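Asks: The lines below spell out each chain.
Number of protein chains: 4
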Amino acid sequence: MNLRSRFQKDASELAKQYTASVLFDQRLYREDIAGSIAHSKMLARQGIITEKEVELITSGLASIREEIERGEFQFNSELEDIHMNIEARLTERIGEIAGKLHTARSRNDQVALDLRMFTKEAIGETIGGIKKVQGALLYMAEANKGALMPGYTHLQRAQPILFAHHLLAYFEMLERDISRFRDCLKRTDVLPLGSGALAGVPYPVDRDFLARELGFSQISQNSLDAVSDRDFVIEYEAAASLTMMHLSRLGEELTLWSSAEFGFIDIDEAYASSSSIMPQKKNPDVAELARGKVGRIFGNLLGMLTTMKGLPLSYNRDLQEDKEGLFDSVDTLLATLRVFAGMVGTLTLNSARTSQAAGESYVLATDIADYLVKKGIPFRDAYGVVGKLVNYAIDQGKSLHEIGLDQYRRLSPLFAEDVYAITIESSVAARSVLGGTAPEQVDIQLSRARSIIEGTQ
Amino acid sequence: MNLRSRFQKDASELAKQYTASVLFDQRLYREDIAGSIAHSKMLARQGIITEKEVELITSGLASIREEIERGEFQFNSELEDIHMNIEARLTERIGEIAGKLHTARSRNDQVALDLRMFTKEAIGETIGGIKKVQGALLYMAEANKGALMPGYTHLQRAQPILFAHHLLAYFEMLERDISRFRDCLKRTDVLPLGSGALAGVPYPVDRDFLARELGFSQISQNSLDAVSDRDFVIEYEAAASLTMMHLSRLGEELTLWSSAEFGFIDIDEAYASSSSIMPQKKNPDVAELARGKVGRIFGNLLGMLTTMKGLPLSYNRDLQEDKEGLFDSVDTLLATLRVFAGMVGTLTLNSARTSQAAGESYVLATDIADYLVKKGIPFRDAYGVVGKLVNYAIDQGKSLHEIGLDQYRRLSPLFAEDVYAITIESSVAARSVLGGTAPEQVDIQLSRARSIIEGTQ
Amino acid sequence: MNLRSRFQKDASELAKQYTASVLFDQRLYREDIAGSIAHSKMLARQGIITEKEVELITSGLASIREEIERGEFQFNSELEDIHMNIEARLTERIGEIAGKLHTARSRNDQVALDLRMFTKEAIGETIGGIKKVQGALLYMAEANKGALMPGYTHLQRAQPILFAHHLLAYFEMLERDISRFRDCLKRTDVLPLGSGALAGVPYPVDRDFLARELGFSQISQNSLDAVSDRDFVIEYEAAASLTMMHLSRLGEELTLWSSAEFGFIDIDEAYASSSSIMPQKKNPDVAELARGKVGRIFGNLLGMLTTMKGLPLSYNRDLQEDKEGLFDSVDTLLATLRVFAGMVGTLTLNSARTSQAAGESYVLATDIADYLVKKGIPFRDAYGVVGKLVNYAIDQGKSLHEIGLDQYRRLSPLFAEDVYAITIESSVAARSVLGGTAPEQVDIQLSRARSIIEGTQ
Amino acid sequence: MNLRSRFQKDASELAKQYTASVLFDQRLYREDIAGSIAHSKMLARQGIITEKEVELITSGLASIREEIERGEFQFNSELEDIHMNIEARLTERIGEIAGKLHTARSRNDQVALDLRMFTKEAIGETIGGIKKVQGALLYMAEANKGALMPGYTHLQRAQPILFAHHLLAYFEMLERDISRFRDCLKRTDVLPLGSGALAGVPYPVDRDFLARELGFSQISQNSLDAVSDRDFVIEYEAAASLTMMHLSRLGEELTLWSSAEFGFIDIDEAYASSSSIMPQKKNPDVAELARGKVGRIFGNLLGMLTTMKGLPLSYNRDLQEDKEGLFDSVDTLLATLRVFAGMVGTLTLNSARTSQAAGESYVLATDIADYLVKKGIPFRDAYGVVGKLVNYAIDQGKSLHEIGLDQYRRLSPLFAEDVYAITIESSVAARSVLGGTAPEQVDIQLSRARSIIEGTQ
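Chains as they are written, first to last, in my numbering: chain A, 1 to 457; chain B, 1 to 457; chain C, 1 to 457; chain D, 1 to 457.
There's no promise every hint is true.
Since the list gives no way to pick out one identical chain from another, each pair is judged satisfied if it fits inside one copy or across any two copies.
As the list claims (entries may be wrong) - Okay, derived cross-link-like pairs now, DSBU-like style, lysine-lysine, Cα gap no bigger than 30 Å in a straight line:
# : residue 1 : residue 2
1 : K131      : K120
2 : K282      : K9
3 : K41       : K375
4 : K374      : K41
5 : K282      : K16
6 : K398      : K9
What the hints contain is simulated information worked out from the structure, not anything from laboratory work. Here the structure is a predicted model, which is why all the values come from computation and not from measurement.
Could you put the whole structure together from the sequences, leaning on the hints where they help?
Replies: Following this line, the structure appears as structure tokens:
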């Protein structure tokens, strides 16, 4: 099984090390063996090999899988990749019949198969992981249903909102993420086997059987494309980039909220770290690190896009660069989702602090402008009146409730006693539009989220 | 309508220039006006403004749109953005009633609306543009149905294929691209209006009516998310990155194929350039430039991902960076698709040259190995035999057909006279698996592609 | 002057629009004209054209420059680029002698020249802009020399520091940035003219004269490299990425510091914005937008790296993509530097608030640990003792100064009355190592910074 | 040495795994131990610890280093990072005196030190690796000094050049790369130790001694910056991106040149691969893979830039993401340089083929235009004449030398018999400008390159 039989010379050690992939692609051993078993069954069905041969091959491969899982398999860089490592071992075990497994197949369609199988499973796990974070967000939102906090724009307090409403914004982002991964799955779930090296195979193979056997819902329609397409890798990495971007925003907020200045939350000690030199510190390391790890996820996406740029058809060795970045994105995203589910689900909200913060500053200014609008003046004019009111209050060092009605009336005769009925609570309650922060609307969204999580929607 | 009424001081010139967006967001004038008209109709329906007012607003906005389209509108950076420019002009035209348009709306949900409307339309045009390139590929494939060429792996001639088969690989890539843009559309087609600045609006607005009026199929469920979500921008840019990556591959191949060394195609003079110093040159500038432009598309994607990294909720001014990159990606992709449709559809294939190239070298080696496999030996052994055969042929400077049968038999007694029946044509014909390069399979794919283009599938 | 004279057909409108660059490269008109004037002088010196001819060419070009600067020049996309636009206009003005200007020159070395001249000037302006921000930082640091604030790690208060020390950290970053741009200048300051289309020119040109005339300190040594090298563009973009990254950090801090929760600074109204709906808001838009704009700068860098990936020698049309990203990075960086110089120089520090924040929490814990170390126990043991102390204080709701000495002694007998002498001031003063936060050290650094700014170092 | 002494609860397993870095930062053990030894010596010199203690610490650390190098050290994720792993082991060996090593030091300045030491060494090795590739290029250029080939623009044959000239273009690129790494070294070679956690240390440390002991030429001037600066990491990655981009161009050319269509070179079998299914193939896998690996290098750069975006001062856990990308870039670049040195140095040039290619087509067209210019007409007119000539030749299927003088004269009366003296050789010889392709100029450049390699320049 010497692929270099035509050459006089062995590859240099440097070249071997440079091109060998078995150090990382050994991770695909399960997919590779499952693919080979299905392929050998199909070859037997089509009369290309005998039933006897398929039994030998199948049981040989099964025992190799066990060998790998027991940690006893010796991976060998000389044999380049996982495919040749397994084939060589199979030859040791069952002799030259092993060579028949390569009938009607090339490493080009074989590796495409393995990677698609891996990605399909990764998508499933990713969606599961996202759901866990959604569950934790929902749990926290429900547990702190009535808690108020300032809503921010430009990191300035803008209008009072419900804490649950804020958490549900992340629920929505993650829901989009799931939808994106599901779409990615459709384009990943395509069987490439049968495409051979590039042009299709000259044997009467049964690709439908292979698809059924390996759980694929579609079959590739062009062999050149099938061996050189890595869109599904890039699409996973793009979807992962969006999800990690969302988590980086949440990580930023958890970091802000657990600062002394905000003091909105306590991260459970199980998810916090201390300092090697400052014993008083309780650091939100998990949230920070997740924020930092968005860099590598973006990097993996751009790396693979760059690798694919300008490649002529069909297979080129450049494609070998598809795996490490994908593996890293999958591992990083799954680990981040797992640790976020734990961290978010164990937060402690300091609702006294968030409510107080919601009441400070002049977050009711918009409501007062809307009060004037409802009394008949255009919003822009109302806006101007309230601007003056806020300036007056700042100058006097007073809250809006501490200003006398006569002063209100000096700015606009439309003000009446009922202006004092505008409170944080009334402000929140007033925003009772679909998607708004009013308690009744947030309740609707909590129910909707609960249905989604429980799969009834 | 002075937004700075609370401030003592005007913004510095530097700050005004730095933050003004009207130079680029004026492009959204149609979306902005359509959104305002729908909003004012809804306000009237809900009794928030009068029918009289809505008529004034609507006709005022319509005439502003015409003013812009006639090129007579004076955009003013002092007024920051397209929204304030239009509002100010409306005030000039219809007086302070214009201010009522800002009831139950903020620039935060307004700009989100405008950009979603823009992106929805861009997706439609992009899909249309991709279909045109698919059409050109299909036309060329059908017009050169029988033409043979070498199939490549590692840019080495590997196995003979049909030229049509090669072009159809790009058809497949583009078909995935369309599917991706369609998925992106689902997540773009969500009405944000009604979300206000961040917390929802304190008016009894009718979001369903707005959605119907503006042609949205869904309504956002969380106001904080709705004003800070730019996933749809990133998703467009990610889908555009994949499409441009595919086009960069095609651009690379057209550049290679039109080199003197390949000589496979002639690019029509309408799509070629000359040199300012070398009169003999005919340069494939369009293909090269498209390959080069993939850089900016990746850059726009990365740029927006970076901008969103770690942003706390809800709206932050950073989000203003969403537009220029998106506009550039849309414009670049649409222009590239248009010019590729023309260039691909007017190529001339030098099929004599491609056929000859398909016959040179030792591209039939795999077929000879498969010949031995069918006579009963494992592929790996057959591979070894043919390796020796090729080496012998190279040493003798002969093609495989020029080697005598006795020499064949010296390497394996399984060889018989029928080995000479292996030709490029037989090789191609043998790969008659779904997605393979056999003429009958390529015919099936051409029909399928034709159906897709004609929308019957 | 028809470059397509060998072709039967004109380029299609689509192809013309797609490949034309004059819409953006017209910005290089000054460099282009200066290069052409120097080139014509050189041609005359070498006897390749006459003195009379050089006079005509020179005065013709000078008047074209004026035409452009008066806004009267009609740029024409049909003529592709700035070079051909100017050449065509020169022909109109002085007749066919204009054609002699193209002797011993190609657009390939011409555009490389123009872009290097542009980049050299941009580097100079960038360094000037950075110095202005350094000046503003230094001014603020000196003006608030004694102000204390909490130093943060993990956004948790860690140890007290001087505000001036904090600002000087940015001074250091910017100093590295300047050094990086200076290094970039060395590799930009290389004359490519004389390289022709790719192989050098077949005329006895005087490249030393050209270099002197155009202010270049070095001359390119390989013509193939000279026409295809865009390293200097990428290097500018990489240096710009680091500088903008630094400014994004400062932007983030200014945004945090001007939040209600921190309340450390007031951004001058000249650099703040209001809200279209919330009259009480004072938003740090400039700081946010700068943070957001780092995305496009990274994107431009990635874009050009991607464009250059895998390009064979020498000139390819892909290289035309070098300009827009560079222009955007230069413009964005210069605008950001300018507006930051203004914003930073007009900040108001709320030093009462920062000092108070520095005193809250348990930021003196490390100092107490160091106190124990100085009394003889290993740092790790001291760390453990102080950990218990902090926990006790938190439980009791007391500051460290409010805990009785007996309680201190219960945790370690090494504690004595002098533990109460540990204050924020003593903590800061103790860190009197080079680069530390002690006032005397910060004074040294302020003087050093002052010297750098004033150029005496 | 429990850093969590203040906490009631241990970190969750998930959080521990997520934040532990010892799996990758163990690679810094040599730097960490060298730093600790220097630090302990300094502490003793300053009387902070005793001579006896420093001896125990130093010999303890030395034996730990040996333990690691013998592969006997048990790295423990529970202990988070390399620093705590070594410290814990030191405590096991020498008892609680080990804890004194943490006096006047924090992990924040410690890890900055380790990473700077690592990067300094990596820069040295990288420059060494680049020089090896330069050496191989120079060797090949000298060995094929007289060989002609077509020079390309737009991948179209443009003008004849020397093969040596082409290779020297890469020599120039790599020379710039070295210069860039040297500049990066200046900004890396700065001692951060003494900066403590963020504010400097409250001990009379001797930073000059530390710098001398550890071989640093500069000392950081601001402690906040020193613990949060990762510019040197990004700068290495940016320089690596440019170098890999250059190698990707060379990789592309080697791939093109070893195709059947070009046939310009043979890659030595030691650097080529075969196919698992096509026995005739000889694939340039090393060249392809290097081209592909540029993706991960760009990705690492963008990853770290993204991670740093918008981080407030000083140390944040996000910074832990600095290492894996850097390690990967260093390893990938060094491996690529090594294997390229071997591959380039063992190429076989098919100079018969390259010369023939240089003579085909109409690569002498520019020379004929220049011939007319020298006879007095403007280049643009000459260009037009030669355009017609080339068209005529193409129509007639003739080379330019096969066209009769009368036909030449029909296009321009300036043509005379000496037009036939224009040959590939005369064309190359005519470009005798500095950096041009004339043999005498290439000789000058070969000598210059030789001097650079041999260090005499």
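Asks: At 30 Å max between alpha carbons, let me know whether K282 reaches K9 within a copy, between copies, both or neither.
Replies: between (61 Å within a copy, 12 Å between copies)
Asks: Is it within, between, both or neither when you check K282 against K16 at 30 Å Cα-Cα?
Replies: Close across copies (15 Å), not inside one copy (48 Å); limit 30 Å.
Asks: What label fits K131 with K120 when the C-alpha limit is 30 Å: within, between, both, or neither?
Replies: Answer is both; intra-copy 17 Å and inter-copy 28 Å each pass.
Asks: Taking 30 Å as the upper bound on the Cα-Cα distance, should K41 and K375 be classified as within, between, both, or neither?
Replies: The answer is between: 20 Å across copies meets 30 Å, while 79 Å in one copy does not.
Asks: Have a look at K398 and K9 and pick one of within, between, both or neither, based on CA distance no larger than 30 Å.
Replies: Answer is between; shortest inter-copy Cα gap is 22 Å, intra-copy 88 Å.
Asks: Quick one: K374 to K41, C-alpha cut-off 30 Å, is that within a copy, between copies, both, or neither?
Replies: For K374 and K41, only the inter-copy Cα distance (18 Å) is at most 30 Å; the intra-copy one is 76 Å.
Violated hints: none; the structure is consistent with every hint.
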